[in-house]
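Enquirer: Read off the chains here:
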Amino acid sequence: MSVFRDTIKVTTEGLCSIHDITSDVTRIVAASKLTQGICCVAVVGSTAAISTVEYEPGLIEDIPRLMEKLIPSGISYQHDKTWHDGNGFAHLRSFLIKTSLCIPFDNGILDLGTWQQIILVDFDNRERMRELVVQLVGE
Amino acid sequence: MSVFRDTIKVTTEGLCSIHDITSDVTRIVAASKLTQGICCVAVVGSTAAISTVEYEPGLIEDIPRLMEKLIPSGISYQHDKTWHDGNGFAHLRSFLIKTSLCIPFDNGILDLGTWQQIILVDFDNRERMRELVVQLVGE
Amino acid sequence: MSVFRDTIKVTTEGLCSIHDITSDVTRIVAASKLTQGICCVAVVGSTAAISTVEYEPGLIEDIPRLMEKLIPSGISYQHDKTWHDGNGFAHLRSFLIKTSLCIPFDNGILDLGTWQQIILVDFDNRERMRELVVQLVGE
Chain Y
1 MSVFRDTIKV
11 TTEGLCSIHD
21 ITSDVTRIVA
31 ASKLTQGICC
41 VAVVGSTAAI
51 STVEYEPGLI
61 EDIPRLMEKL
71 IPSGISYQHD
81 KTWHDGNGFA
91 HLRSFLIKTS
101 LCIPFDNGIL
111 DLGTWQQIIL
121 VDFDNRERMR
131 ELVVQLVGE
Chain A
1001 MSVFRDTIKV
1011 TTEGLCSIHD
1021 ITSDVTRIVA
1031 ASKLTQGICC
1041 VAVVGSTAAI
1051 STVEYEPGLI
1061 EDIPRLMEKL
1071 IPSGISYQHD
1081 KTWHDGNGFA
1091 HLRSFLIKTS
1101 LCIPFDNGIL
1111 DLGTWQQIIL
1121 VDFDNRERMR
1131 ELVVQLVGE
Chain W
2001 MSVFRDTIKV
2011 TTEGLCSIHD
2021 ITSDVTRIVA
2031 ASKLTQGICC
2041 VAVVGSTAAI
2051 STVEYEPGLI
2061 EDIPRLMEKL
2071 IPSGISYQHD
2081 KTWHDGNGFA
2091 HLRSFLIKTS
2101 LCIPFDNGIL
2111 DLGTWQQIIL
2121 VDFDNRERMR
2131 ELVVQLVGE
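Protein chains in written order, with this note's numbering: chain Y, 1 to 139; chain A, 1001 to 1139; chain W, 2001 to 2139.
FYI, nobody ran anything at the bench for these hints, they're computed from the structure.
Treat the numbers as computed from the prediction; the structure is a model and nothing was measured.
Please note that a few of the clues may not be correct.
In silico DSS-like links for lysine-lysine, alpha-carbon gap of 30 Å or less [to be verified]:
1. A:Lys-1033 / W:Lys-2069
2. W:Lys-2033 / W:Lys-2009
3. A:Lys-1069 / Y:Lys-33
4. Y:Lys-69 / Y:Lys-81
5. Y:Lys-81 / W:Lys-2081
6. A:Lys-1009 / Y:Lys-33
7. W:Lys-2081 / W:Lys-2069
8. W:Lys-2081 / A:Lys-1069
9. A:Lys-1009 / A:Lys-1033
10. A:Lys-1069 / A:Lys-1081
11. Y:Lys-69 / Y:Lys-33
12. A:Lys-1081 / Y:Lys-69
13. W:Lys-2069 / Y:Lys-69
14. A:Lys-1069 / Y:Lys-69
15. A:Lys-1033 / W:Lys-2009
16. W:Lys-2033 / Y:Lys-33
17. W:Lys-2033 / Y:Lys-9
18. A:Lys-1069 / W:Lys-2069
Given these sequences and hints, build the entire structure.
Expert: In structure tokens form, the structure reads like this:
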């Protein structure tokens, strides 16, 4: 049993930009030489999230619309009165979708469906350089 | 330390059908002979989700109503323009609720409350045979 | 490789009270003597949740408002017809935000952003004594 760790850097546009990180995570699982275990993908920060989706152009439009409906960007939040940085909606979206996800792997392959990709969603209201941690525990 | 893995097959009705998988996961934890660690439950696919709830008839009605309110099934999504399979809402619900969940265990027993069950929710718009992975890392 | 486990007790007010548990979790990671692995934080029960947020007064007001908008407390749920305890909204909120979260750690330090705290949110409609499990797997 051992732990393997690597990081991924992603330059984002923010405002609900969606980034397919499946190939990066897959590459790290292969590099680990681990065959079986749990892979934890986490974005460091409080205005982004990790989830999975079928990464196709339709859903890449649908997700920002959904987030805009659930947690609109154009209204006032108490957070903005604290810092005046206008990204209260981004913090709330990150709280809702959450910043990490665990995926099992076996024979060195992540347990993902054919149409299921791992995505980073950046909710912040500006470009960001995001650091993601991919931490594997297994054998 | 070691890894233990098993799978569960669940035949679902879809359209937000909710399946109590607690006894299956409990059985796998017992079969692993591991006493302490982390249990990751994941559904392979992009139109279902894993969470916990008190599995009683009221909430089994409330959850589909909630999902219908947050992400309605009867409206048009861009996803449906890509594939014409009419399940855009199911993909978005899976993105929101997410496809995996980790639960600690100790003395071979999952850390769940008395009124807390592990559920598979199938959001797709048709019957499915779902494969779930239960991956344990511990000692 | 080994497993380390400890629990945290938190007395809550309920009704979406938000509790910063970062220092408790950090203390447990330090006590474990583990340097690298995955930390799973879970609340035992079906009316609370674990997530992360920038713990500042604005967002501590914004989160209850968000939950009230997504899953109102003042309407009738089928759950309340089963038990008549009036906390159907709390169960649904817990289903949505979910009761556990995994965070990687390295050099004995959790991979959290500077403005990112781990929170327990208690959605129940009364005071509770909550037990949280912090389970580490690593080396």
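Enquirer: Would you mind marking each hint as holding or not holding in the structure?
Expert: Quick rundown of the hints versus the structure:
1. A:Lys-1033 / W:Lys-2069: Violated - the C-alpha atoms of Lys-2069 of chain W and Lys-1033 of chain A are around 45 Å apart, more than 30 Å.
2. W:Lys-2033 / W:Lys-2009: Holds, at roughly 22 Å.
3. A:Lys-1069 / Y:Lys-33: At roughly 45 Å apart (the allowed maximum being 30 Å), Lys-33 of chain Y and Lys-1069 of chain A break the hint.
4. Y:Lys-69 / Y:Lys-81: 22 Å, holds
5. Y:Lys-81 / W:Lys-2081: Given that 30 Å is the threshold and the Cα spacing comes to 40 Å, the pair is violated.
6. A:Lys-1009 / Y:Lys-33: Holds. Lys-1009 of chain A to Lys-33 of chain Y sits at ~29 Å (cutoff 30 Å).
7. W:Lys-2081 / W:Lys-2069: 22 Å, holds
8. W:Lys-2081 / A:Lys-1069: At roughly 20 Å apart (the allowed maximum being 30 Å), Lys-1069 of chain A and Lys-2081 of chain W satisfy the hint.
9. A:Lys-1009 / A:Lys-1033: 22 Å, holds
10. A:Lys-1069 / A:Lys-1081: The hint holds at about 22 Å.
11. Y:Lys-69 / Y:Lys-33: 43 Å, violated
12. A:Lys-1081 / Y:Lys-69: Answer holds: Lys-1081 of chain A to Lys-69 of chain Y is near 20 Å, not above 30 Å.
13. W:Lys-2069 / Y:Lys-69: Holds: Lys-2069 of chain W and Lys-69 of chain Y sit about 11 Å apart, inside 30 Å.
14. A:Lys-1069 / Y:Lys-69: 11 Å, holds
15. A:Lys-1033 / W:Lys-2009: Since the Cα atoms of Lys-1033 of chain A and Lys-2009 of chain W sit roughly 29 Å apart, the hinted pair holds (cutoff 30 Å).
16. W:Lys-2033 / Y:Lys-33: Distance ~25 Å between Lys-2033 of chain W and Lys-33 of chain Y Cα, so the pair holds.
17. W:Lys-2033 / Y:Lys-9: Distance ~29 Å between Lys-2033 of chain W and Lys-9 of chain Y Cα, so the pair holds.
18. A:Lys-1069 / W:Lys-2069: Judged against 30 Å, a Cα distance of about 11 Å means the pair holds.
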